[in-house]
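**Q** Position chain X against the provided structure of chain B, taking the given hints into account.
Protein chains: 2
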Amino acid sequence: MNRPNIVILGAGYGGIMTAVNLQKSMSSEEAKITLVNKHDYHYQTTWLHENAAGTLHHDRTRLAINDVVDFNKINFVQDTVKSIDPKSKTVKLEDGELNYDYLVIGLGFESATFGIDGIEEHALTIQNINSARKIRDHIEYNFAQYNLERGEREDLITIGVGGAGFTGIEFVAELANRIPELCQEYDVPREKVRLINVEAGPTALAGFDPELVEYAMNRLEEKGVEFKLGTMIKKVTEDSIIVEKDEEREEIKTKNFIWAAGVTGNSIVQESGFETNRGRVPVRPDLRTPDYDDVFVVGDCAVIMNPDTERPYPPTAQIAIQMADTVAHNLKQMVSGGEKLQSFEPHIQGTVASLGHTDAIGVVFDDKKLFGRSASIMKKAIDNRYLMKLGGVGLLLKKGKLDMYH
Amino acid sequence: MNRPNIVILGAGYGGIMTAVNLQKSMSSEEAKITLVNKHDYHYQTTWLHENAAGTLHHDRTRLAINDVVDFNKINFVQDTVKSIDPKSKTVKLEDGELNYDYLVIGLGFESATFGIDGIEEHALTIQNINSARKIRDHIEYNFAQYNLERGEREDLITIGVGGAGFTGIEFVAELANRIPELCQEYDVPREKVRLINVEAGPTALAGFDPELVEYAMNRLEEKGVEFKLGTMIKKVTEDSIIVEKDEEREEIKTKNFIWAAGVTGNSIVQESGFETNRGRVPVRPDLRTPDYDDVFVVGDCAVIMNPDTERPYPPTAQIAIQMADTVAHNLKQMVSGGEKLQSFEPHIQGTVASLGHTDAIGVVFDDKKLFGRSASIMKKAIDNRYLMKLGGVGLLLKKGKLDMYH
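Read top to bottom, the protein sequences are chains B and X. If you're matching positions, the first sequence starts at 1 in the working numbering and goes up one per residue. If you're matching positions, the second sequence starts at 1001 in the working numbering and goes up one per residue.
Keep in mind that a hint or two might mislead.
Unchecked claim - One-sided and incomplete, this derived list gives chain B residues near chain X with beta-carbon spacing under 10 Å: (1) Ile129; (2) Arg133; (3) Ile135; (4) Asp137; (5) His138; (6) Tyr141; (7) Phe143; (8) Gln145; (9) Glu181; (10) Cys183; (11) Glu185; (12) Gln318.
What the hints assert, rightly or not - Far from chain B, some chain X residues (derived; all Cβ distances over 12 Å): (13) Thr1090; (14) Phe1109; (15) Ala1132; (16) Phe1143; (17) Val1213; (18) Met1232; (19) Thr1237; (20) Lys1253; (21) Ser1272; (22) Gly1350; (23) Arg1385.
Hints are computed from structural coordinates only; laboratory data are not their basis. Glycine included, C-beta positions come from ideal geometry on N, C-alpha and C.
For reference, chain B alone in the conformation it holds in the complex:
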């Protein structure tokens, strides 16, 4: 048996789609394929903000890897990756070691703290099922405590969110919908609760059309969100954040601060000696690392430039899923001795930011703007299409957002 060993690290969007593509295009005789993941489930990172807000149960967001990956064809190892040695072609796991002939790195993102004092220790971040579930419970716990305090402890029922990018805005929108429920569950008067979004840049949803941004901000302000734009977070403590605008500082008392302002590639990649640019590997057009012909990178650990804007493409699920097609194709070529590797070409079909429930904003087909219900339907359609691609109709029915119209 001289089958090459293909090892895929991570079962996020890029990793699991690579595995699913390979199990379709390759026979067991062609290669031995191993998928390594910390958990026995895959989750949709783009839904985690709903789990964190408590508007969607996390079991809707995750699915058993077993449900979409055929464990007869693909060897699944549930373990945590500690490091990669591309010279000896080995991967160190918490409980063992794996050798590879071809490696696919899909280890996802980490929060970037930008060196802000106290974020590491005191901020909550939306990173995975565990941390999203914790945020939901953290907020609930503080609401539960409010009526047990003698004085009025507004810090318990003030929620601060750092960052008005995609995740920050989508999360704040879900929270705005959740707060009335929290008030009812915990006997807290709605008017006492504050939901504050702090953004260093001059606008929310930077990069979106100003008309769409205005729509989003108006809708969220109507629901009680307070925006603090052009405002830096200087420090985060156990029960407050200190912000600064125009050289004036303000302390906002909050026991609920969620940092949603920045992500970077998994630090294991850089620590393993791969060339990175702000934590991501500047991959070749065929999605291999600059230095190693046998190592591919998919998803948030990779960075590719958009030649039109001369800026990197943002790390999205859409691009990770498309990368997986290219990686699977190129692996098939290499294993079968083919020479012609495909270059990755992203096809941005549209970008939609959910504003919760039946509301959203977005751009599709390059310049068509969508608002409200039509944008929301488009958002759910995109999510449903992914589930179809990943696991067919069965998975769509099980995990899809089928309440598209209400």
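**A** Coordinates of chain X only, in the frame set by chain B:
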């Protein structure tokens, strides 16, 4: 208008039943009746352990005072009692003061710490809706944290309960039923979770027939409860309890410690200068205080002796509800110039301890022992009878435990 002022403090079992009885037996011309309560709802203290375990939502346990008290007949004041001056016949509230001609004290219980180091600061107690809800969320929050820790932090998923009396056992039974749900919700392996009940006395459910106690302990041990009988709690810290048995000390790591071992009367009563015995007023047979002819005490703030056993009756809902009948009768007598006050005679119809869901143990009709489903049905029947008495069929249908047989 020379109507006397009747003021009832507290809308627990004794207070609210006194109010409901008076609104039936007295006309508005006879007396002005005022009911004071901290919240605008009444709750069933005997169900709080279910709310705390998370097996029953607290909205099932509470009901709007408005639903059973006619605010046209009874003046409702939502406020917190700070102190009573029986000499000047005034009650100080947080936001005002009330004068009375007749007073009914129904201010309920407080946890008794027995001077154990750290209980005040670190133990959770089942006292009211707010604290029960907090316990539910506290346990959930620690379970949510478990998978975010690198090392195995068993303290997060160990639950300690102090006391194997009525509340302690009923609470542990609900928790034993809840833990499988918690394990599923938070991805925690069941075998890692510990549920430990610590009791200083030599037996659980002291006072119950040994056969019933054995049944209860066997059932709970089957569900994974660890009993530590004859074991003193010496100290409670933020993340542990220190227990001692036969002069050997053991530290049990737990972030979830609930103290369910002792209650005493509301400290306001003693602080207001009433004669008390271990925090309760040793009332006369007509339920007035020893010193004041115009002050009645109902429920947990009163203590009456059982002449058969020469020990005080335990403070139960059953007795509080019966006391309210006597107090209402005697007030009617006094207001209408009658001389003959009734003496209180408790009628113990039965005592049933729930073991969760469809299981229980109990004694009815003096010496008939009940186990399992029949005891559970009896327990629910007792609870339902109270709701009937308090608010009629409408309330029974709204808040009753109507799933009696499964």
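**Q** Evaluate each hint against the coordinates.
**A** Going down the list of hints, with the structure as the test:
no.: 1; hint: Ile129; in the structure: holds, 8 Å
no.: 2; hint: Arg133; in the structure: holds, 5 Å
no.: 3; hint: Ile135; in the structure: holds, 9 Å
no.: 4; hint: Asp137; in the structure: holds, 4 Å
no.: 5; hint: His138; in the structure: holds, 7 Å
no.: 6; hint: Tyr141; in the structure: holds, 5 Å
no.: 7; hint: Phe143; in the structure: holds, 8 Å
no.: 8; hint: Gln145; in the structure: holds, 6 Å
no.: 9; hint: Glu181; in the structure: violated, 13 Å
no.: 10; hint: Cys183; in the structure: violated, 14 Å
no.: 11; hint: Glu185; in the structure: holds, 8 Å
no.: 12; hint: Gln318; in the structure: violated, 28 Å
no.: 13; hint: Thr1090; in the structure: holds, 23 Å
no.: 14; hint: Phe1109; in the structure: holds, 17 Å
no.: 15; hint: Ala1132; in the structure: violated, 10 Å
no.: 16; hint: Phe1143; in the structure: violated, 8 Å
no.: 17; hint: Val1213; in the structure: holds, 34 Å
no.: 18; hint: Met1232; in the structure: holds, 28 Å
no.: 19; hint: Thr1237; in the structure: holds, 20 Å
no.: 20; hint: Lys1253; in the structure: holds, 20 Å
no.: 21; hint: Ser1272; in the structure: holds, 20 Å
no.: 22; hint: Gly1350; in the structure: holds, 34 Å
no.: 23; hint: Arg1385; in the structure: holds, 28 Å
Going down the numbered hints, you'll see the structure goes against 9, 10, 12, 15 and 16, while the others check out.
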